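K.L.:
Starting from the structure of chain A, add chains B and C where the hints point.
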Amino acid sequence: MSTTTVKASRLDFRSRGFDFVSFAFTSLTGLATLFILGVLAIIIANVVWHGWSTFSWRFLTGSADQDMFDVNKAGVLPMVIGTALRVLVMTVFVVPVGVITAVYLTEYAQSTALTTRIIRGAVNNLAGVPSIVFGLFGLGFFISFIGRGIDGGAPEPHWGKPAILWASLTLSVMTLPLVIVATEESLRAITPGLREASLALGATKLETIIKIVVPEALPGILTGGILAVGRAGGEVAPILFTGAAYYMRDLPHSLTDQFMDLGYHVFILSTQSPDIEKTRPILFATVLALLLLTLSLNLVAVIVRARVRKKMRAGH
Amino acid sequence: MAAISSSQVTLNTVKPTVGAGEPLITSEQVNLYYGTSHALKGISVTLGERHVTAFIGPSGCGKSTFLRCFNRMNDLIDSVRITGSIKIGGQDIYSKDVDVIELRKRIGMVFQKSNPFPKSIYENIAYGLKLHGMKAKSDLDSTVEQSLRGAALWEEVKDRLHTSAMGLSGGQQQRLCIARAIAIKPEILLMDEPASALDPIATAKIEELILELKKDFTIVIVTHNMQQAARISDYTAFFYLGELVEFDTTAKIFTNPSKRQTEDYVTGRFG
Amino acid sequence: MTNAPHTAKRTVGWMGIHRGHKARPAEWLAEKLIFLVSLTAILMVFLIFVFVAREALPLVFGQMNSAAARPVIPAKEMGKLKPDELRDYLALTPEEFKRLDKEALTALMEVREEEGKEAPKDKDATVNTTEWKYLFAPHEWSDSRPEDRYVWQPIGRIHKYNLWPLIIGSLKTTIVALLFSVPLALAAAIYVSQLCRPSLKEWLKPAIELLSGVPSVVLGFFGLMVMATFLQGVLGYQSRLNAFVAGIALGLAVIPVVFSIAEDALTSVPRSYTQAALALGASKWQAAWQIVLPAAAPGVFAAVVLGFGRAIGETMVVLMASGNASIMSFSLFDSTRSITATIAAELAEAVFGGHHYRMLFLIGAMLFIVTFLTNLAGDLIMHRLKGRLEGKAK
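Residue numbers (the numbering used here), protein chains in the order written: chain A, 66 to 381; chain B, 744 to 1014; chain C, 20 to 413.
Just so you know, these hints were derived from the structure itself, not from any lab.
Don't take each hint at face value.
Said to hold, decoys possible - Label-pair ranges, simulated between beta-carbon atoms:
| no. | chain 1 | residue 1 | chain 2 | residue 2 | range |
| --- | --- | --- | --- | --- | --- |
| 1 | C | K51 | A | L179 | 56 to 66 Å |
| 2 | B | Q970 | C | L55 | 51 to 61 Å |
| 3 | A | L179 | B | K958 | 49 to 59 Å |
| 4 | B | H905 | C | L254 | 43 to 53 Å |
| 5 | A | R81 | B | H781 | 55 to 65 Å |
| 6 | A | G103 | C | Q257 | 21 to 31 Å |
Said to hold, decoys possible - Residues from chain B that face chain C, not an exhaustive set, calculated with beta carbons under 8 Å:
| no. | residue |
| --- | --- |
| 7 | N814 |
| 8 | M816 |
| 9 | D821 |
| 10 | I825 |
| 11 | R847 |
| 12 | K848 |
| 13 | M852 |
| 14 | F854 |
| 15 | K856 |
| 16 | N858 |
| 17 | F860 |
| 18 | I927 |
If you're wondering where the values come from, they're calculated on a predicted model, not measured in any experiment.
We treat Cβ as the ideally placed atom computed from N, Cα and C, and that holds for glycine.
Only chain A is shown next, with the shape it has when bound in the complex:
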């Protein structure tokens, strides 16, 4: 029965020694993942821990008109309003342009055509332009070229100076790729059958897009908008020269006014505070406000996107 024993040993599936290399590297990569998440958790925990005591309703709704460095009086309402305004105005510009571009890329463009490749290249490139270069662009194009162009050499510039409008426009150029990519993803998630069904009923392509495709893609468009708002809400470099003010007594009245900004205020409090120890509580509370804004927006975007992707998997 020797053949049976040979066969039995060949068919023995018990472990032949421990694969240390695989175990070690799997653990290492797992630890790296854990480390990254740990750092994220530490940042959030640290900010919450130090900022919580100062972070109050009074702080959120208080103005900064008396002394923005006074722990007991300073509030962040003007900064919250400034940030909200510039982000809202930005959305008005970026969402239509982004959505239309995405519609063109998915519904009309031929993926191999040169124009399509150049548009895609430009979108990817725009996503990689340094934020400070957007700041220079805003100053050089929107303020110096367009703003001063409207003013036409008037002694007191009305348009040709930093303002909410210019900051928002600069940010909308910066966040354009985010909106395009998110919208495109959700447009592609729609089954071709839906389009074909509409076309077969005699609808034109445009009618199909407006009445069937875009409504179906709304969650994705929403994701793009939210991501753009979350990203732009925390950006400081592009608004340094295009609209953010160090200090303003009043809230902005029009789109040509400058504004105070949450992110820029974090920068001021961390680097230009007269007494860093005394203003530390306001600093942490301001960071907490900013983090709450951006992370909650990102979280919403992640959830909406997960649902879009699930739908896409189900659809195909």
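P.N.:
Chains B and C in isolation, oriented as in the chain A frame:
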């Protein structure tokens, strides 16, 4: 209408190899769940050594899923839960002391779509051998040649062993995958619709190869092509809706099945 | 057949079907408009380059002069100058020159003569520091130590614009950031895409990507207020804020970029490769390391390239955590200043249209070109990878 009426089906006339047929794989009451859906329902079957067993049935019937239980590829899916037992060579492969890596090293698998690695032809075969600890260049060289000959591919590729496997035709790629699988000298060869993506000529070559390989290997093949099952297998199992409807010699299944469902399927009334 | 009521008028008939786009001008117009709007992205990339470069052009063509003292031509000799020479000498625009009569020009000449008398007379004062050689070549200034031959010091009597301290500063923080973030991000990408259970992946991926939702000003704040003190305590170096601290904080901004792209590249490798390797008895790690990673190598490389672009272009983190001293030093533990931080810190105080202002736009344009090229490279690599993997899958 009698089941034999499908005259174009030529039955496998090759006699089972002498000495073959000892029970090798035994499954008892295997149930498999994807999350809440019950994909395999109480499958009990015994497959013999150095037999070719074909799993047939309409798509979604569980034949591929059952095949993947033998080398535990289903483990890769989170939501899968399996009950019952599968024994290979008398050993329960789902017991705790079984190392799934060791298991897979002894069971070869060929997939539906040919999937050579993006490496050279030589490296594709040498990869598995290196995993098994073969290091000497001369051993590798000779085993690579032997496996390519075994897969009837040697003559076609011997002059370009070190070019990318991606340059091969679909049929050649699939034979390379077979060569890769047999290079590690497995006890069992699992084939998941190995010819479904190929043209008739390439398919014929693969079938020829399978008949050749059964001298040395126990082969389990999933196919949706009934003629193919009839041509190459000794035994056939018919699956329907997650159940094993009938298991018998191929001749019996295709000429005189005992279940009505089997008859309907092999005569092409549904599926 | 259904019993749907036939309410539609049958006036169009089959004759109406042979009509081209002219039958629907609105549709045609809308299509063209959509196409035009979709060109915005191209237009913007183009405008960014044009309008950043435009402000720097006078410097590039040597039209700016930053010298504190310039050669003076006595007002009496005005008649000897050709109109063009005179205009250049008085630094007037053609329109301004046309508007001024001879008397006004003479007055300007006299003002210049007066200024010339008061101007410093040493050899540094006559140097136009905006010339290319002063931007890149070492120069010994009479008012600073001989070893300070590479100086960026735009404010002061002499405007020193040597770019090396800034370039070195940017590279130092970028290299630290990449050395810190790339191994971590790649390891995490391998773990998440290849090794962990799929159900865990659904949580890990968005969680790591949440890091990209932390604004860079917050990362800068974290580097400045928390990490700087912590790292100084552990490593015990001299200056609290330096290239190392800034680099680590910058790394946190780079991690999500490298992770997302690398994870995407690894996931785009067909599952069938992994399955084949596993069926041969490879462990998940062996399949990931020996099969998937080599197949996705170009994408992983692209991830690193794009991570570099992100790191060198990041502003707020470096501005806040690097200490901001433009010292020419190769030490990681010296206070340092990057190109981006320099623009952010100095543009507000630079005179509009002056040489300092234009110099900041010039380094901004250089930065744009560098990131443009890295993005283009990363994009091309990814495109080829996708094409290759899709072509192969057939």
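K.L.:
Of all the hints given earlier, name the ones this structure violates by number, lowest first.
P.N.:
1, 5 and 10
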